[in-house]
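Asks: So the chains spell out like this:
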Amino acid sequence: GDSVTQMEGPVTLSEEAFLTINCTYTATGYPSLFWYVQYPGEGLQLLLKATKADDKGSNKGFEATYRKETTSFHLEKGSVQVSDSAVYFCALTQRTGGFKTIFGAGTRLFVKA
Amino acid sequence: DSGVTQTPKHLITATGQRVTLRCSPRSGDLSVYWYQQSLDQGLQFLIQYYNGEERAKGNILERFSAQQFPDLHSELNLSSLELGDSALYFCASSAEGGATNEKLFFGSGTQLSVL
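These protein sequences, in sequence, are chains D and V.
Note that my numbering has the first sequence beginning at 1, numbered continuously upward.
Note that my numbering has the second sequence beginning at 114, numbered continuously upward.
Any given hint could be a false lead.
Calculated pairs, EDC-like style, for lysine to aspartate or glutamate (alpha carbon to alpha carbon, straight line, at most 16 Å) [unchecked claim]:
1) D:K68 - D:D54
2) D:K77 - D:E16
3) V:K122 - D:E42
4) D:K52 - V:E215
5) D:K112 - D:D2
6) D:K56 - D:E42
7) V:K170 - D:E76
8) D:K77 - D:E15
9) V:K122 - V:E188
Far from chain D, some chain V residues (derived; all Cβ distances over 12 Å) [said to hold, decoys possible]:
10) L124
11) Q130
12) Q157
13) D184
14) S193
15) G197
In short, the hints are calculated from the structure, not lab data.
Quick caveat, the model's predicted, so the values are computed rather than measured.
All C-beta atoms in this analysis are idealised placements derived from N, C-alpha and C, irrespective of residue type, glycine included.
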């Protein structure tokens, strides 16, 4: 079945460091890919998305490119801030047995001042 | 604020009991999704409803059931509760639930503790 695998956390970085969170997926067909972020005590909220191969999603300095050849959607940010500390979830939505959105396990990011 | 409302925020109960979690979707959204978030299982999709009808089913136990009412709010019923059912239960909504590029809007969750 469809699945999403993302790097285990926690990831601890200093402010202004470069961030990469790896995400790979397994799916038939052409899923849309998403990154959601969860701040402490809150629900998930969409960070960015890409709907077809080679699309780049971007928001708030974060970027991810839909790579069909490597089935990947890695999240990057050039300079992280303390306020970026959160849990990041990679997800895909596939039209298989209904439009299910499947999430990865989440990667916790800590950014130190 | 996502516009999705979940009640209650916290629920403490005992094994063997039954509870009902409630979700009001964003105004105008027709689809409601339920997810279970636990430390060992991550975020697991349980079930989706669209305009009152079940549309997709995930890893939902037989002890769990859900429904979506004509006013589009949804309830998740958990019965014969076990310790392992302790988790954070999220509801999400989307406009249609029929396109792969739709984003989900999440509520703040209901933290269920089974003692």
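Asks: For each hint, tell me whether it holds in the structure or not.
Replies: Structure-based check of each hint:
1. Taken as a hint, the K68 (chain D) and D54 (chain D) pair is honoured in the structure, with Cα atoms around 7 Å apart against an allowance of 16 Å.
2. With a CA separation close to 9 Å, the supplied pair K77 (chain D) and E16 (chain D) stays within the 16 Å bound.
3. Our distance criterion of 16 Å between C-alpha atoms is met by K122 (chain V) and E42 (chain D), whose separation comes to about 11 Å.
4. Annotation: proposed proximity of K52 (chain D) to E215 (chain V) holds, straight-line Cα distance about 13 Å (limit 16 Å).
5. Among the hinted pairs, K112 (chain D) with D2 (chain D) is inconsistent with the structure: their alpha-carbon atoms are about 35 Å apart, more than 16 Å.
6. The straight-line distance between the Cα atoms of K56 (chain D) and E42 (chain D) is roughly 26 Å, outside the 16 Å bound, and the hint therefore fails.
7. Pair hint K170 (chain V) plus E76 (chain D) does not hold up; C-alpha atoms about 32 Å apart against a cutoff of 16 Å.
8. Under the criterion of a C-alpha separation no larger than 16 Å, the hint pairing K77 (chain D) with E15 (chain D) is consistent with the structure, at around 12 Å.
9. With a C-alpha separation of about 14 Å, the suggested pair K122 (chain V) and E188 (chain V) falls inside the 16 Å cut-off, and the hint holds.
10. Listed as a non-interface residue, L124 (chain V) keeps its Cβ farther than 12 Å from every Cβ of chain D; the least gap is roughly 16 Å.
11. Distance check on Q130 (chain V): its Cβ is at least 25 Å (rounded) from any Cβ of chain D, clearing the 12 Å threshold; non-interface status holds.
12. Not every C-beta of chain D lies more than 12 Å from that of Q157 (chain V), the closest at about 8 Å, which undercuts listing it as non-interface.
13. D184 (chain V), annotated as away from the interface, keeps every beta carbon of chain D farther than 12 Å; the closest lies near 21 Å.
14. With a closest Cβ-Cβ approach of about 26 Å to chain D, S193 (chain V) is found to remain outside the 12 Å limit, as its non-interface label requires.
15. Residue-level check passed: G197 (chain V) sits 18 Å from the nearest beta carbon of chain D, beyond 12 Å.
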